[in-house]
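Modelling step: build the complete structure from the supplied sequences, incorporating the hints.
Listed here are the chains, written in short residue letters.
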Amino acid sequence: MLVTVNINGEAKRLNIAPGELLLDALRSAGYFGVKRGCETGECGACTVLVNEKPVNSCLMFAAQAEDADILTIEGVAPDGKLDPIQTAFLDHGAVQCGYCTPGMILSAKALLAGRPDPTEGEVREALAGNFCRCTGYLKPVEAVLAAAQVYRQAGQSARRKSGRSLGTSRKKR
Amino acid sequence: MFDHIECFYRPSTLREALVLLHKTGKRGAIVAGATDIVTRADRTPRFFIDVTHLGLDYVRKKGRGCTIGAATTMMGLEKSPIINRLAGGILAKAAATCGSIQNRNMATVGGNLANASPAADTAPVLLALDAQLVAVNSRRKRRIPLDEFYTGPHRTVLNGELIEEILIPPLPGGRSGWSFQKLGRTETDISLVNAAAGLQADSRGRIKWVHIALGAVGPMPLRAREAENLLQGNALSEDSITRAGGAVMNQVSPISDGRASAEYRREMSRILVQRALRECAVQAGFPIMN
Chain H
1 MLVTVNINGE AKRLNIAPGE LLLDALRSAG YFGVKRGCET GECGACTVLV
51 NEKPVNSCLM FAAQAEDADI LTIEGVAPDG KLDPIQTAFL DHGAVQCGYC
101 TPGMILSAKA LLAGRPDPTE GEVREALAGN FCRCTGYLKP VEAVLAAAQV
151 YRQAGQSARR KSGRSLGTSR KKR
Chain V
1 MFDHIECFYR PSTLREALVL LHKTGKRGAI VAGATDIVTR ADRTPRFFID
51 VTHLGLDYVR KKGRGCTIGA ATTMMGLEKS PIINRLAGGI LAKAAATCGS
101 IQNRNMATVG GNLANASPAA DTAPVLLALD AQLVAVNSRR KRRIPLDEFY
151 TGPHRTVLNG ELIEEILIPP LPGGRSGWSF QKLGRTETDI SLVNAAAGLQ
201 ADSRGRIKWV HIALGAVGPM PLRAREAENL LQGNALSEDS ITRAGGAVMN
251 QVSPISDGRA SAEYRREMSR ILVQRALREC AVQAGFPIMN
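Those protein sequence lines, which keep their order, are chains H and V.
So in our numbering, spot 16 of the first sequence is number 16, and the numbers just go up one at a time.
So in our numbering, spot 189 of the second sequence is number 189, and the numbers just go up one at a time.
Hints listed in this document are in silico derivations from the structure and should not be mistaken for laboratory results.
Only a predicted model underlies this, so the values are computations on that prediction, with no experimental measurement involved.
All C-beta atoms in this analysis are idealised placements derived from N, C-alpha and C, irrespective of residue type, glycine included.
Computed cross-link-like contacts, SDA-like style, restricted to lysine to any residue with a CA-CA straight-line distance of at most 25 Å:
1) V:Lys79 - H:Asp117
2) H:Lys81 - H:Asp91
3) V:Lys79 - V:Asp130
4) H:Lys53 - V:Thr188
5) H:Lys139 - V:Thr188
6) V:Lys26 - V:Leu14
7) V:Lys79 - H:Arg124
8) H:Lys53 - V:Met75
9) H:Lys53 - V:Asn84
10) H:Lys53 - V:Pro11
11) V:Lys62 - V:Met75
12) H:Lys53 - H:Glu42
13) H:Lys53 - V:Gly55
14) H:Lys53 - V:Tyr58
15) V:Lys23 - V:Arg46
16) H:Lys12 - V:Cys7
17) H:Lys12 - V:His53
18) H:Lys12 - V:Tyr9
19) V:Lys26 - V:Pro153
20) V:Lys61 - V:Gln283
21) V:Lys141 - V:Gly69
22) V:Lys79 - V:Arg64
23) V:Lys23 - H:Met1
24) H:Lys81 - H:Val95
25) H:Lys139 - H:Glu42
26) H:Lys139 - V:Asp189
Restraint-style ranges between C-beta atoms, simulated for each label pair:
27) V:Arg60 - H:Gly121: 27 to 33 Å
28) H:Ala11 - V:Lys208: 58 to 64 Å
29) V:Asn250 - H:Thr119: 41 to 47 Å
Written as C-alpha cells, this is what we have:
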C-alpha cells in the first residue's frame, strides 16, 4: 500500500507492507538516522517526531503515519548548519558511540520547542525514554541545558526557525 | 514481524470501523496507540483497524464527572485541564507514569484498559472513580462497569466490540481526598504494585464514601472492598488504617515474577494503600485519630 507522508519537510510517497512498522519504512526509504534498537519501545533509539511529538517508530505502523509530518535527525540540519542542540552535544562530549544520539536530539528538540527554559528535571524527564548504554546521561543533560540557553539567547528568531524545521505547515485534523 | 497482515484499515468514522470489525471478525484487531499490539506480536490478526481517526480523542466535563474518548492518549490525559482538576488529578498522575514520553504520546487510555494488563496504571484509578466503559459493535452499544470488565490477565468481556468512551460519574465533592500510588523500578516503569484511593468525610468526621483499588497484585486490577467496608462510616484512625492495610493483604493474590516476589507485592499492597489513605486524609483535611 502507498502512504503519503511529509518527511523532513518533503512530501514522500512510501510503498509499504500493511503491517510494516514506521521504523522499517523510514530505514527502507534511506533515513538511517532512525536507529533500530530494542524494538519494544523501551530504548528510544528509533525516536522520530510525528506531528512534533516524539514517538517510538518501532511501535508505530507506517500506515498510521499517513498525512503526518515526520522529523528524523536528517531533517534537523537540512542545510548542513547544525542545530544548537547538535552543537551543544559536540561541545559537551555528549556523543559517544552515537547510537542513541539521534533519538536524544529529537527528544530534546521537542522539549525545547515547547519549553525554552527547562529545568534539569524536565530535561531528564524528556530524555528518560532514550537509553545510552555507553556511560550515562550527565553530558547529554548538560548539552540540552546549554542548547536551551543558546535558543533563548537567539530569542524569537531561533524559536521561529525551529518551528519551521518542525514543519508548521501540517494539516489540522 | 507483521508480514502476515493483509490490510491496514484507517476508517474515519465509528460506523465504518464497526462494519470493518464485524466483517473481519476474529481475524481483525483494533489498533490505537499500537504500543501493546506491537510488543505482544500476536500472529492471529490478519487485518488491523486503526481507531485513532474516529474522533474519539476528547475529554468532556459532565457536571462533577467527565467523559473520555477511548483514543485519548496518556499525554492527552496528562495535559487535560479537566483531568487535572478531576479527583485531585490522580488520573493525570497515573497517565504520566505510563512509560516514556514517546510511549505516552502514542498509548491510549482505551488501549490501556482493553489490553487488560494486571499492572495497567490507569486501571486502579478508573476503578476507584467508578468508571464505566461504553462498548460498541455494529449491532449494539452497552455500558460496562470497569469493575466487571476484566476476566483475567489480558482478558476482558469485550466480544467483537470496541471501547468508544469512558464515563466517570459525578464524584464526591466537599471534604474529599484522592491519591494514586505506584511502586516501580523507576517512575515510568511498569508497576510492581499500584493503587488508587478516594474518600469523602461527612460533617462529623466519619468516612462517608471510600473507594480503594489496586493493580499488579492479582490476575486483574481489583477493588479492595473488604478494606472499604472496614473504613466506611468510621473515623479515620491509625488503627483503622492498619486494619484496612491488613484486609488488602488478605484480598490480593499476587504472583512472583522477574520484577518482584509475591510476598513483596503483598506487603507493598498494604504499604501503598496506607500511604494512599494518608494522602487522601491530608487532602480532605481529615484528622487521623490515634
